[in-house]
Each structure stands twice: as C-alpha cells, then as structure tokens.
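Using the sequences and the hints, build the whole thing.
There are 2 protein chains.
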Amino acid sequence: MKNKSTLLAKTALLSLLFVATPSCKKETVKETQTTKTEAVAENPLASWNDGKNKQAIIDYVKDVTTEGSANFIPVADRIATFDNDGTLWSEQPAYFQLLFVMDRIKAMAPEHPDWKNKQPYKAVLDNNMPELMKEGKKGLFELLMTTHAGMPTDVFEKTVKDWMATAKHPTKNKPYNQLVFQPMLELINYLKANQFKVFIVSGGGIEFMRAWAEDTYGIPKDQIIGSTFKEQFENTKGNPTITRLPELEFNDDKEGKPVAINKFIGRKPVIAVGNSDGDLQMLQYAASNPLKNLEVYIHHTDSVREWAYDRKSHIGGFDKGWDEAAQKGWLIIDMKKDWKVIYPGDK
Amino acid sequence: MKNKSTLLAKTALLSLLFVATPSCKKETVKETQTTKTEAVAENPLASWNDGKNKQAIIDYVKDVTTEGSANFIPVADRIATFDNDGTLWSEQPAYFQLLFVMDRIKAMAPEHPDWKNKQPYKAVLDNNMPELMKEGKKGLFELLMTTHAGMPTDVFEKTVKDWMATAKHPTKNKPYNQLVFQPMLELINYLKANQFKVFIVSGGGIEFMRAWAEDTYGIPKDQIIGSTFKEQFENTKGNPTITRLPELEFNDDKEGKPVAINKFIGRKPVIAVGNSDGDLQMLQYAASNPLKNLEVYIHHTDSVREWAYDRKSHIGGFDKGWDEAAQKGWLIIDMKKDWKVIYPGDK
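Protein sequences, first through last, are from chains A and B. Counting in the numbering used here, the first sequence runs from 1 upward without gaps. Counting in the numbering used here, the second sequence runs from 1 upward without gaps.
One or more of the hints may lead you astray.
The list cannot tell twin chains apart, which means a pair is met if one copy fits it or any two copies do.
Mimicking DSS-like on lysine-lysine, the simulated pairs with C-alpha atoms at most 25 Å apart in a straight line are [what the hints assert, rightly or not]:
(1) Lys54 to Lys174
(2) Lys230 to Lys254
(3) Lys292 to Lys192
(4) Lys292 to Lys221
(5) Lys320 to Lys237
Hints in this document: simulated from the structure, not taken from any laboratory.
Written as structure tokens, this is what we have:
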C-alpha cells in the first residue's frame, strides 16, 4: 500500500494547521476582486514583470505556434499540465483541502455528539494539537475518510461548493478561491488563446478540485486530474448513484503524476508547471518529449505578499526539483521578482 | 477481484474466434474508402434512412441547442458518451482486440521458440481450439498479459498502430478501422458540430483504443476512456518511461462505465449510446440527468451487411438492455432498417 502511506504522510501536514506561524502580514479583505480580464486580452502576461522568465515563456509559445517554425507543434500535441497546490493557488499554512477537512469535522460535529469524547474528533473540536498528533497517521486518515467518503458524489460536490462559498483562509481572511495566483490565471489564458489544451494534475482530490476549479480557472472538469477514491455505482432503487468508498484508489503525486497524465490524457505534455519535488516526475516526463518543451517551477520567495519556503519546507518542499531545474535550465519563477501581483485584485 | 473475473469472462469469448460461423456474406475489398465528408456537411445524417429514429435524434439536438428552448443545455453540459465495440465498429466474430491478441501471439512466436511446446501458446499457434479451451480462463488471461503488458506504453502504442495498418478482418477482409459504422461517424460529427463534447467509454483497453480511435473517429485521446492496466513510471536511466504492468487496474464495463465517466469526465452525460447489456448502466446514468437526455441502443439486425444477434449472443448480448429500452422509450436503432449503409465506402 505504497500509495496509501504516501498520502498518509501528506495528511500529517495537517499538523501545520495548528503550529504554523505564517510570516505574511495579515491582509484586509478586498471589497472587489477582479481577474483583470481586459488587461489580459491586451497584454497576455500583464501581471508578470518584464525579464528573462516572462520573455522565455513568450518566446517558447511564439516559436512552437508559428507555422513554418522548425519547432512548430500541431494543435493536438499542445498539452500543458499544471500542478495546483502552490502552483495555481497558495498552500500555506496547510493544503487548503486539509483545512476543508478540519472545517467539515467541526460542521459535522452537532450530528455526532459522541465525537466530543472520541478521538481523533475530540482533538479537532478542541483545537488540541498535541492530542491530535498523538492520534498519528491513523487518526488523520480517519478524519480524511469521514469527510471525503461514504456519500454520493453529488452530495460531496455540493459540500465542497458550499464550503468554498463561505469559508475563509485563517490568516488571509479571503475565500480560498481568491487565493489563486493572478499571473498564473493569465498564463493559463495565454496558453488557451494559443490553442494549448490546459490540464490540472494535482495531488489533491479530483472531486474536491472539480467542485470549484472549473469556474475559478476556466478549465473543464474533464481536464482536471487528481487523486481518486474508489467509487461504486448502484441503481437498486431506480436512482443511479455513485458512492465514494473509504478507500484511496490513486495518489496523483510524484511518480503518480506521469502515470495519471498517460491515463487521463494519453499524450506527453509539452509544458509542465509545478512548485515542489512532488512535481519533479511530471516535469521530467514533459522534458522527455521529442517536441520542443518548457518546464517551469514556481519558487515561493515572497514572505510579505505570500509565503517564502523551499528546500526544508514540510509543505511544497522544493529541493531535488530545484537542483534538477538549475542543472537543466528549466525556468524558475521567482514570485517576489517576477510577479507584479500575487492574487486577483491586488495592486 | 471482481473486475478481473469479469474481464476473464470476456476473454473467454476468444473461443468464438475459432468456432463462429459468421452469417454474413464474404465481401470483396473495396478499393477506395471514403467517409463521405462532403455529404455529411450538407446532410448531417445522410446515411440514416428517414424515419422516427433519425427524426428523434435531430429533434433532440435542435431542442437542447436552441437558445430560448425550455430544454436548452449549456455547452459545458453537452456531454455525449459512446460505447465502442458493437456501437461504433463491429465486434464479430470476436472483439477485435481479442483478434489482436491472437495475431500478436503468432507474430511474437519466432522470438519464443518454447511456445511451440508450451500452452496456451501452442494452442494458438496450432489453431487448436479444443486444446485452448482446456487451458480455460487462466490460459486466456496469460495470453492477454503476454500481449498487453511488460512493455513501455509507447512500444505498445506502436505495436497496435502497426497491427491496425496491416491486419485484416478474417471474413470481411478489410482493415479493422474500416469496419466502423458510417452512420455513427456522421452522428459523432453532427454532435460535435452542435458543440457536444464526445467521449468514447469502451470496455476495450484504453491504450489499445487510443492508438487508432483518435484518427478514425476524430475524437482526442483524452476523450477516449477504456479499461486500464496498472502502470509504473521509472526514470532510472534518465529516460522517463511508463511501463504497462501485468495487472488489470479497472474494467470499464457495466457498473464500471458510470464510475469511469464520473472519474474521467466529472459530469453526467446527456447522450449515451451503446449496443449491449454492458452499456445499460451507462444509459441509466445518462437517463438520470435532470437535463433533457437521449439514450440510444444500436440493435444488430442486419445478417447480410453486418451480423444479426441480440438476446442470446455471447458477444454484445442485448437482453436486459432491450427490455429496459422498450419500457423507457429509449431509441432502438434497427441497423437493417435505419441505416442506408453500414461501413464507409459502402453503397
């Protein structure tokens, strides 16, 4: 059960929810959030500072989409794959899906009075971190299953949508879907305008993602790939239902990402974008494409506007990937230097 | 291992390769095969005879794509899912993928001299059906694994492409990708022209399908879904490779079809088309869509131009599905009456 243990390791990061002390300043809520659509149309990467990274992206896209270019790529092969956590939106102080887990436990608690005296639930309800840590991976796994499995898929989708519409980030105090990166929204739109088919390939849950990411990024659900639970179809009452079972089916991280890309897309990408060592295999896979390709790492360098972390971070660790990117000349985007703004609506 | 046993049951159909006596007349090879592209543009369902079935399809598409209609369906929700074997191409005297298995064993035999004296290979090489039957499901499963696993995905893809370019159907004497149904090519194009996103949801292998179906049907690889083998990513020699492992991962048949649709597409279809009881759950799933939906069964009624079979057939059995279609008023296409031609190039 290698996959399960890998994901369990990930859920251990829940601990950060309780202990992290974000280095960012607390921001006030912005009244209006715009995605600067008009600016995007005129200047496709308007939120990117001029420099070699922005230029390298534009040069690549122009080269491979210009008919007659030696590096021209037919439309069918213009596949771009993006990681989500830390690449398209923030992931601190813990993966947002894990913050969803905690919120759900608290929301579900009134219907489960026994949780007040039952671990690992009691620890969550009490915000008692030392106790939750004692429950270990087994406890965290139980929280994940309790909040993600045992219900029909449409019920789960509505739960995520409702959470996304109401929940706010603990320190940024914004809805989570406003903590996406404006420069990346522009990059996605720029690639779509150049007839790239853009996919998300996330370690996050595929149905957690699809509940909000389609609207947020303008990427259709069938182009959003993630980790999966085993599911079951039943039609016993003349009411066809797909139920989420409490069993992880596939962990879409590390070696899982190229495997998922092959399964869901069936083509090697020509563009791959990530931010952590968990994306390294996806970038290696794209780099092995005989067509001209582009590998991009997002480096979290902005402790003021976002968060700064890399080699030693327990979330989004960027260590082996950094070395390989430097060695191979992949783009490393410096969020502090390369991006004019981080989030939509920022000035 | 319910999935494995289900697929094993399917492989047992290999036996039909040896025993079937097709009721069709042997046809001569047509020198030119056209897909009647021009005719399609002028008359979207040109190879369909006028009648209530053709009209019902046209009425449905017009109704749900006309702005202002009470049944209007937004583009994002225009999802159509098609079975492949028996729905988009023929499946007699055995699933074509199983004929590929037999051809591959024979092609691989020179490199495996021991197969001459080793079952189940000897039985295949000797065309010795009684002996192969003795080997049972275990033997057939071994043949499937030998021909489909243990190689990198790109090697497997090339093998299928080469086979498709050279192999011919044992009685029709045509390449297999010319045994697709001209009226269905027109239906796919008609739906695409009306902004439906068309997916194949096949019990056949996903990579077997993608090697030829993209070109044949004009459907991108990422919209072709099928049964999967477990796969593994490795990058030990600096050469990223995805290898097909000898383990079935998912059987995309019966209850598996709605599960795969939810996983790969993330939306309930509004159109579902199949030909057998293996497609029933997919049609039930589409029929439960609150949006106006269309369920279509292809009934193999033409013993002269194609094959005639239904309730008692060991391939493409159409029994429970027929009853439910009749009860619920789903369309049942009578290939003999509803289709002017069967294959591209037919007159």
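Hint check:
1. Lys54 to Lys174: neither (28 Å within a copy, 52 Å between copies)
2. Lys230 to Lys254: both (20 Å within a copy, 16 Å between copies)
3. Lys292 to Lys192: within (18 Å within a copy, 30 Å between copies)
4. Lys292 to Lys221: between (27 Å within a copy, 20 Å between copies)
5. Lys320 to Lys237: between (52 Å within a copy, 17 Å between copies)
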